[in-house]
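Participant: Use the sequences and the hints to build the structure in full.
Protein chains in written order, with the numbering used here: chain C, 28 to 227; chain S, 28 to 227; chain B, 28 to 227.
Just so you know, these hints were derived from the structure itself, not from any lab. Virtual Cβ for every residue (Gly too), placed ideally from N, Cα, C. Honestly, I wouldn't trust all of these hints.
Claimed, not checked - Calculated cross-link-like contacts (lysine-lysine; reagent style DSS-like; alpha-carbon spacing at most 30 Å): (1) K134/B / K134/C; (2) K134/S / K134/B; (3) K134/S / K134/C.
What the hints assert, rightly or not - Residues of chain S placed beyond 12 Å of chain B at every Cβ, according to the derived structure: (4) E29; (5) L30; (6) L122.
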Amino acid sequence: MELIYYIDLLGAMVFAISGAMAASRHGIDIFGAAFTGFVTAIGGGSLRDIFLNLRPVWVNDGNYLIAILAGVLIAVLFKKVLDKLARTLFLFDALGIGFFTVVGVQKSLLFEASGIAAVVLGMFSAVMGGVIRDTLLNETPLILRKEIYATACLSGAILFVLLDMGGVNYNLNAFLSASLVSVIRVIAVRYQLTLPIVGG
Amino acid sequence: MELIYYIDLLGAMVFAISGAMAASRHGIDIFGAAFTGFVTAIGGGSLRDIFLNLRPVWVNDGNYLIAILAGVLIAVLFKKVLDKLARTLFLFDALGIGFFTVVGVQKSLLFEASGIAAVVLGMFSAVMGGVIRDTLLNETPLILRKEIYATACLSGAILFVLLDMGGVNYNLNAFLSASLVSVIRVIAVRYQLTLPIVGG
Amino acid sequence: MELIYYIDLLGAMVFAISGAMAASRHGIDIFGAAFTGFVTAIGGGSLRDIFLNLRPVWVNDGNYLIAILAGVLIAVLFKKVLDKLARTLFLFDALGIGFFTVVGVQKSLLFEASGIAAVVLGMFSAVMGGVIRDTLLNETPLILRKEIYATACLSGAILFVLLDMGGVNYNLNAFLSASLVSVIRVIAVRYQLTLPIVGG
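Facilitator: Pasting the structure below:
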């Protein structure tokens, strides 16, 4: 349990880094970068918690905001180094969305969302921070464009709910479902897989 | 009561169709269309429930997500047929916003919103799904442009609150107020009525 | 206490005026102006309350919506006069964000947010209405561009939390912290101060 807490903090930091770096590509000032990093990091989980009618975890636990602040500082101070580490950051992101999806599904089930709503809320936990970031930066959100991103989260979320219904051990289930998300994401980018366009 | 529940599900499906079709006009993939359909369908009611500090209905009741999924599938599979049914879909939409407005006002009053807030929240129930859809698709929301859409909802919401204060029977009130929304909307489009521009 | 209530209503009205005027610069109709005014006025405080898992104050207390309606009417009727009063409105706005920041921090602490979350939520109370307004109008939010705006709110929010921890009298603290926000904002605009750009 304690390990999951620290992974969650680490995840918030990594998302904050990616948000701040996206902002920096738009010629935005330091505050704007921090703001974008913050929104990217807390957006998905906060939306899930609001739909569950819970208070988002960062409101009471200051550690999340400290982790986000650290992420923003890292992005600002080491921007040039990080730009060269794009491949490593991509892997972190692929692992991160797997982790956030599973945590999101699990929390939703715990607070009595239906199975199908837990799938949606798990996916939201992982992707909505990025959607809000892109909307703020006045871009069409990445997940509405061609890349396979949210679909990977959706697959892992569905697997988790199915295995959970089938009585599979929680830890094994979490590992398998999170891995599915990361693997689909990596394969999709490696082989440039895309989904078909509607009516195309 | 049961009838209202099924109309509500039908309404979610129709909104999901319209959202998915709007997405398809932007060259968006199948997942993006589903996501946009979902957001259009649940956006307004969810925002109302969040302002009322309630859990949105689709989180616990999986039928809403199934109805939305059905709507997205219909939009994807029958896109070309639907494109030719624009007039029928418009009528469905005009009826739908009347229904959603009245349900929204009624729920807000039930959970002790003030009369004026119930008017705003009733209108939100009907139009905010579309606002979020347009914002995601990086367009200026339709309701901020010239057409009479939200104004129709607002008129019906005001009528409902006034008749409710006057002690008019709920079913009659709901019928009259929803009809007012639909009629204003149809007349506005038929005769291309618009509101004046500020400072114009 | 009663004085604060009336200042809060006045603040909602001033924000509604500024929102409606921003909309009018986009050739938006009267309803769109009212909608934008409303969103600008209630956006920040509502987001704070939603994060605190509280019901926003305007849902139960109709006076806020009446104040907002009055603000929209003023903007529509006296648009040309107000355009000439840009300097006065700027001062009102600088005072308003100081007030809203302090009220937001105080409410967040009262409802047991952590100190660092109270800083974020206080800043949100003052600036997020404008962020939502700009996003709806399909612009990159002002606070992500170069001007010092949210940074002023952030400074005041941090000062309030620090003085509060130090046991400073609440009224003195509120006065000092709100003043800091307004003074930073005025100086930043007067001397065209900006924050550095990331990686620039």
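Participant: Give a verdict on every hint.
Facilitator: We went through each hint and held it up to the structure:
1. K134/B / K134/C: Judged against 30 Å, a Cα distance of about 28 Å means the pair holds.
2. K134/S / K134/B: holds, 28 Å
3. K134/S / K134/C: holds, 28 Å
4. E29: Consistent with the label, E29/S stays out of reach of chain B, its closest Cβ about 29 Å off (over 12 Å).
5. L30: Holds, since 28 Å exceeds 12 Å.
6. L122: The claim stands: L122/S keeps its Cβ more than 12 Å from every Cβ of chain B (closest is about 21 Å).
The structure agrees with every numbered hint stated previously.
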